[in-house]
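Same order as they appear, the protein sequences are chains A and B. So the first sequence is residues 1 to 462, counted in this note's numbering. So the second sequence is residues 1001 to 1492, counted in this note's numbering.
Calculated from the structure, these hints are not laboratory results. There may be inaccurate statements among the hints.
The calculated DSS-like cross-link candidates involving lysine-lysine, where the alpha carbons are at most 25 angstroms apart (straight line), are [what the hints assert, rightly or not]: (1) A:K380 <-> B:K1033; (2) A:K418 <-> B:K1016; (3) B:K1386 <-> A:K418; (4) B:K1194 <-> A:K162; (5) A:K418 <-> B:K1004; (6) A:K163 <-> B:K1194; (7) B:K1033 <-> A:K383; (8) B:K1016 <-> A:K40; (9) B:K1305 <-> A:K418; (10) B:K1386 <-> A:K40; (11) A:K25 <-> B:K1386; (12) B:K1016 <-> A:K360; (13) B:K1107 <-> B:K1095; (14) B:K1305 <-> B:K1326.
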Amino acid sequence: MPKASPRHPLLPNLDEKLVSEMLAKVGATSVEELFSDIPKGVRLKRSLRVPDGSSEYLVRRDVQTRLASNRTPPGSLCFLGGGVWPHYIPAVVESIMSRNEFYTAYTPYQAEVSQGMLQALFEYQSLMCDLLGMEACNSSMYDWASAAGEAVRMAARVTGRKKALVGANVSPRRRAVIQTYVDPMGVELETVRFDRSTGALDSSDLRRRVSGEVACLYLENPNYFGVIEDEAEDLSALVASAGGLTVVGVDPISLSLVREPGSYGADVVVGEGQPLGIPMNYGGPHLGIFAVKDMKLARSMPGRLIGMTTPVADPTQRAFAMVLQAREQHIRRESATSNVCTNQSLMAVAAASYLSLLGKEGFRRLGETVIANSHYAAAKLSKVNGVRSPHFSGSFFKEFAVSYSSARASSVHRRMAKLGVLAGYPAERSLGLGAEAGLYCVTEVHTLADIDRLVSALEASI
Amino acid sequence: MPRKFRQAYWDEPLLKELGRPGRLGMLAPSDPKVLRRFNDPSSLVPASMRRTSLALPELSELQVLRHFNRLSQMNFSVELGMYPLGSCTMKYNPKVSEMIAGSDGMKHAHPLQPPETVQGLLSILYELERSLSEIAGMSRFSLSTAAGAQGEFAGVLMIRKYLGQHGGADRDEILVPDSAHGTNPASAAMAGFKVVKVPSDATGQVRASSVKELASEKTAGMMFTVPNTLGLFESEVVEVCDAVHRAGGLMYYDGANMNALLGKVRPGDMGFDIVHLNLHKTFATPHGGGGPGAGPVGVTRKLAKYLPVPVVSSKKGKYFLDYGLKDSIGPLKGFVGNSAILLRAYVYIRLLGSAGLSNVSSLAVLAANYLWKSLDPEAFPVSHAKDLRRKHEAVVSVSGDLPGGAMTVAKAILDYGMHAPTVYFPLIVSEALMIEPTESEPLEMLDEYAEAMNTIYASMKAGALGPVPKNTSVGKVDEVKASHPMTLRVHW
């Protein structure tokens, strides 16, 4: 049998006849000739050592089998949070995400053929501004942590100051990312203590630390312990009185019931848009939220912005385009406000469709269910021996810390996972809780039976 | 005959203009038994922090679906037609990757769950990391960076930290060619470096002699894109790497154009110390209308301990996220990385294998040269290196002083149901059109594209083109008006 010439579904021109035809036009005698300008000494003279190519069927079978071995919902229950939370994703959002017109396009450089993405991102910006009480929101950052890093950089830039105050009750992961982002600017991070009983920021400690050198205060609301910062308005006023900015990090779902940061003095709001219709995806892709309170700050912000305009020929018709691009790297190069190019646009479309689906009424009801379920679960867990639940007395929304009198949090976490309950992520030592504690997250996806299973898993693991 | 094309136009209102009070499109699951225990659940929020008003749309499920479906019809994409946006590598994104990424074991995996419960996915990330290291000729990759620009930032931070520990703390300059993407100087500046521009010569290439002149005891390193943004392989790349190393700096490889070189030559073998790869370009993950992508960053052995954490490690056959690199520049993202994008890149590598990946680059390069040679050379001359082969893309100019120049050609081609090339980049070419067809386009499509461009030029020259575009959802958008926005949102 003659040897079949190579073919591949992804390579339509992999065909000797076509290749010869193309080479003739190019004026080359072989494909190899097209690479003859690569110095011989560095050419790769062997095959790449990567897995052999395989058929769609076999690759799919192998990869899906491996993924199926992961212990995740629906087989396991997930009560983990910390910046990625289990929420239900409506079928309509999944359907919109699967529209190839959105996901196989790129940045809308040619506005005339990209009105769909441009309008969807403009809608996202508008919806987020309302949710956050802000005046301008960019069309996405990588995630909450990197958005927080960029926010502190921006605060240092616009104030010309080199110190940032960070709540001791923010996520240690996000704090570490902020540190990486600001290091090269010589910005110093200083920690503001939290109240050991409520879990909320200690305003007297903040008062001691605020000065004319402070570029900003970064706080999270609800904070890493899930506690609502009920003195947020006083905290931001304190920072503002010294000429600093207040940067607030949020879980957008909490804003169904909790005040919008713009109403209590936030200058910049960052956050994680993942709970707005985006899968947990083992850490990404997610959606970094970045919004500012006025158009003046908008001119200093990182990221892409979409604005409304008209076609040249018809000033009565609506059209959309990327705006304020002179802040960006492709124009301003080393003087740009950030190096961001590829962002997380598709995730912003998910968030826009999610928010418009739930709407005013549905979003509020979602918040009520989340807060009721989490309080119900916290109370149930408190009945387990050797457990303090919630650990803090401050009001919480959907996450809470649970401390154990005589068990190691990491062992509890792992034992529960064996029982099919992913819960109680061990509170990092750097938080200085002074107790072994795990972090729990309860949302609308958890039924009464799920919460009962959580309680028994903890009983069996403590 | 040119294809007749008409993009949909729906005159679709804004969400705020749709809907009625009280309507909703999604009811969250809730258990009345739990809700009943709390008279008013919102009272669990302290009164001082309770939200008093919330303006969100009030639409039915179908209304929301229609709204976004209509918008999607006003958006051009790779699955609709040729999208030769230079430097962006708009290749076909295999459908099977989307199907696999929709698995429960991917979507519902939480980044904080114990490693023993997520070995399947970790084994995939580990193998991907090994493959990328092999492809780039690096010792190790961190998969955590979310986009090329974040990979660049990680790269220059590693240069900074490495030099700081090796007596080079006062080296504060990064060399960047004038043909580079804007992200390079922006990333270097973010990491606190001064940017020194390296001029390219008349052939559009960087000469080792100019690098030698600029390199000094102040040089921390150089960011270099190979092939460069003109689509040319930098013939003195080895000497350039050598010159920077001799001056005491490190070499950073911007992998935006790696689609030209898979299996042909590896950045590590050329002399680079740090590499980022854009998985949404070379490894066929979708571009998402602007993102998400993924921009893993890889390094040689001596730099491995500086990588951004976490990296994926294995111990006794068990995989885990490793935060234990002592000299790491730190994390740049809250969690492991854009895992669901990384998964798609892994699937792509598995679908092609070693021979397939090498064929990808052969055919991408062949397509770029073929398309370039199919253009009327009088209409679309090249400003640099007329006699050199291109790699993954070709940059041409628009000949003569025709109104609108490159932008008019770009807008006119939209009317054929094909996307425009990248325009006005690189900055060293006037009236630039940067064309990257990729290996995905069948020969017939390349012919159709070239014919359209040649026809457009002929019409422009004859003054017969008329206003363009006219077959798109909206006519030419007023960018001047857009550039002075009073607002970036609608008010409710």
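Exercise. Would you list, in rising numerical order, the hints stated earlier that this structure does not obey?
Key: 2, 3, 5, 8 and 9
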